[in-house]
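Colleague: Protein sequences, first through last, are from chains A, B and C. Counting in this note's numbering, the first sequence runs without a single skipped number right up to 376 at its last residue. Counting in this note's numbering, the second sequence runs without a single skipped number right up to 623 at its last residue. Counting in this note's numbering, the third sequence runs without a single skipped number right up to 992 at its last residue.
Since the hints were derived computationally from the structure, they do not count as laboratory data. Glycine included, each C-beta is placed from N, C-alpha and C at the ideal position. There could be a bad hint or two in this list.
[As the list claims (entries may be wrong)] Partner residues are not named here, just some residues of chain A that face chain B (Cβ under 10 Å, in silico):
hint : residue
1    : I7
2    : R13
3    : L22
4    : K83
5    : Q87
6    : Q216
7    : T220
8    : K223
9    : Q292
10   : K374
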Amino acid sequence: MRNIKIILVKEFRQIFRNKQMLFILTFMPVLQLVILANAATFEMKDIKIAFVDNDLSSASRQMIGKFEGSNYFTIAGHLESEKQAEQALDKGECDLYLAIPNHFERDLMREGASPASIVVNAIDGSKASLSAQYTNSVINDFMQGFTADNIGYSSKASNLNLLKKINISYANWFNPELNYQAFMVPGLLVLLVSLVGMFVSGMNIVREKEIGTIEQLNVTPIKKYELIVGKLFPFWVLGIFELAVGLSIGKLLYDIPIVGSLPLLFLFGGVFLLLVLGIGFLISTTADTQQQSMFITWFFTVVFILLSGLFTSIENMPNWAKIITYFNPLRYFMEAVRMILLKGSGFSDISFHFIVVCCYGLVINVLATLMYRKTN
Amino acid sequence: MKKSNGYSIEVSNLTKKFGDFVAVDSISFQVKKGEIFGFLGANGAGKSTAMRMLCGLLSPTSGEATVGGYDIFSETEKVKRSIGYMSQKFSLYEDLTIGENIEFYGGIYGLSKLQIKEKTEQLLEKFQLTEKRKSLISSLPLGWKQKLAFSVAIVHNPEIVFLDEPTGGVDPITRRQFWELIYEATNSGVTVFVTTHYMDEAEYCDRISMMSEGKIMAIGSPRDLKSEYSSSNVDEIFVKIARGGGK
Amino acid sequence: MKQFRAFVIKEFYHILRDYRTLLILLAMPPILILLFGYTITNEIQDAKIAILDYSKDATTSSIKSKLLAGNYFKLEYELNGLDEVEAIFRKGSIREAIVFESNFEENLAKTGIANIRIIADATDPNTASTLLSYTSSIIKSYLDEINENVEMPYSINTEIRMRYNEELRGAYLFVPGLITVILMLVSAMMTSISITREKELGTMESLLVSPMQPLQIIIAKMLPYLFLAIIDAVIILIVGNAVFGVPVRGSVLLLMVEGILFIITALSLGLLISTITSSQQVALMMSLMGLMLPTIILSGFIYPISNMPQIIQWLTHLIPAKWFNLIIKSIMLKGAGLDILWKETLILAGFAVFFISLSLKKFNIRLQK
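In isolation and in its complexed conformation, chain A is listed as follows (with noise of 0.2 Å):
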């Protein structure tokens, strides 16, 4: 116990010390969780749109005066031919354009129908087909109330009674608002918090390596436990206050509901952070620099945070990468932190989680501990 006492406060006086590492180690992840909470949302808005009206007829104006109404839209520009057009998608001006025939108004009239034509940049895919989904309903909007207004001239108007509808309602539970923010701050938390721990963990020992004072350690008659123990929870303690702190932002700036158990969360929080500076020790001790040991740390960080389920869901991805989520750690923080905060999911519902992280936990700190020798 007095060894740990000792070696506790070598590390924090270390931490402390340097001051450029410590604003990296807490004022960094905060303000990252403060601006990127913001950014990461597939929510539609501001559909760069253009047209190209080769009718101007007041039916076409009218279609196009409805997109300027829309939420989910603004206006690019109007265009005179479909050439320019194409090049202003080309150029990125516009995110789609709608292109309207010579003789649409007639047409519509005379024959009940015209084609018109949307084009959209679908580099990203699923962008593209919201953006024209977006596109057609606006459309629909407009034929709503153009049948209305014409439907004494058709001889179909009868047809309209045989039409079958289904109402489609909905309800988002847990976060009516779709408040995405409720969803990333909570996650974002879940990466810096690993990030730091993974990190420091992985430079700690290797540090000490490459300087030269680990022989000295190792002369020493401290043990190993002892060693790792001291090491290792001066940076529990940060994650664990890097948590409270990401927790009290998201709830005064973002106002992320907290629905379950603080204490639960806390909970896995402490054991997961166990986990992650495990395996960044693992790492540090199986390098022979730093320079090695960061590689081999962000190349799984990388890994770690792609495949956690933040940003695009575990769900769609190929099944042998899905097995290899179960190797991530942050995949299971991930999903408890959401449970517990915005589900209220109790200690039951998490028990899964739990265990593995647990077992995981203990694995790699035993590995870690075997890695490091004293003795070569």
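Guided by the hints, dock chains B and C onto chain A, whose structure is given.
Modeller: Then chains B and C, alone, in the frame of chain A:
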């Protein structure tokens, strides 16, 4: 079990292989209590490997050795309690102050708060660094750092202190001062085991051993060796050994 | 010049010697591209749903089978009452519950109107709304089928053309984005570490006292990494093209030149980090903590920049990766040339010049001390 027979270090047929390479080839020697024992040899001769085995940093391939009466195979942790060590690489934490380094290393060896405080004051006084009490190690010149590192390595009054090339890269005056510190330590009964490739430093040792290609080629007091090899200084002996061991 | 050459050669040796690091640097990018190329996608697949069918008639079962026909949805639970919904949501994996009213078929036949209620687990709002739009478009296509014979009084037949990516493949968006993110992070990390490492090990001092100009030292340090990063870029482009079928419609030469420009920008950012930090540890944390998430999130790699609040859209201008992501997508998918991309190219070059001159300034200050 702790043996006591007047020797601090006893080594017989100690060997270390890295794969096919034999770094230390069946060496045997003894070091008496309170002695300054020099380990000489060119770079790569196996000095550091031998020393690192004695400190418990490397495990030997075969052979036997006791340090401070403890077996280096089975009683590594007890060995570690009775030794101090200063490596080639600088071993104090640059981002801690002198006092904080002493507090850390002293603490690990079980010194009480009071002892740590006394030691710190003593050292600051001795090196006339009282004004630099609050400065970080990184702000001190290399010579001071090395002298401090030595003092910290023996802060817990170990029975034996191992010094691995302790004077690398410092000027002759500081080296002289460093050796004064070593003498001072032996006066209080510490056994000093030092590796070096500065041949002139060999003269400061009570006994020296010369290593080449993992083997001990010669062992004895500098004076005895000089007459044995009919040389006027240690440098010459070394050259003779290196050329093929002719006396 | 001779000196300079000797120095560059020394730097190359350094990198080639440490084969472990070299291996990591060369193997990592293709592995990441392969892994993420398959996994990073927002095309819905196997979303777990529950169905509560109060009606259980022929119509609801044909809608159900339509819903489950594609790979989009996977039926996990058939529920018996609304009260069960909350419990299964709380357990986690169910994304959406679809409720058919009772007498569904009868209502549709008699009144022409039937009701479906969709309850989404909106803890992940992005996925929730995507699922909702998938569900409603499947239901709508069912409706279109049964209304097929009803001729509308007035209608517009919209023809939708998807430009640049007819099959709406996710890889087209994510592979260029991945290339951007990986090149950015790897390059910045390489220089930021290697130079602080020399500072920490004390070898930088001997370089500083040499008669070489600071700019020469900087260039010599960057060259080997530039070389490495270019190899990385080529490998991942080939993988992106061969494995994921992402085309290069524009000029390959232009793509390489822009790639090199971007790598230089990223390397010089790393350089800047290394000149303002004191230890490897700090440099690493800066280039890892500081760059990783902002690059991933603000570069437009996953989240469309146009969806972000205005202030953050301005902020993304400061992210070099955003500009390169625009460039690489335009060249690869739109076949754009310099006539369109000159602005973005100039901005990237501006970043590089800014980073290098700032590091030079910091460098000179240290020299004078």
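Colleague: Give a verdict on every hint.
Modeller: Outcome of the hint check:
For I7(A), the suggested interface contact is upheld, since its CB lies about 8 Å from the closest CB of chain B, less than 10 Å. Nearest Cβ of chain B to the Cβ of R13(A): about 6 Å, under the 10 Å cut. The hint holds. Hint status for L22(A): violated, given a least beta-carbon distance of 12 Å to chain B, over 10 Å. Taking 10 Å as the C-beta cut-off, the interface hint given for K83(A) is violated, the closest approach to chain B being about 66 Å.
Among the interface hints, the one on Q87(A) is violated; its C-beta lies about 59 Å from the nearest C-beta in chain B, farther than the 10 Å criterion. For the restraint placing Q216(A) at the interface with chain B, the shortest Cβ-Cβ distance is roughly 4 Å, inside the 10 Å limit, so the hint holds. For T220(A), the shortest C-beta to C-beta distance to chain B is roughly 5 Å, which falls under 10 Å, so the interface hint holds. A distance limit of 10 Å between C-beta atoms decides the matter here; for K223(A) the minimum to chain B is near 8 Å, and the interface restraint holds.
Hint status for Q292(A): violated, given a least beta-carbon distance of 18 Å to chain B, over 10 Å. For K374(A), the shortest C-beta to C-beta distance to chain B is roughly 7 Å, which falls under 10 Å, so the interface hint holds.
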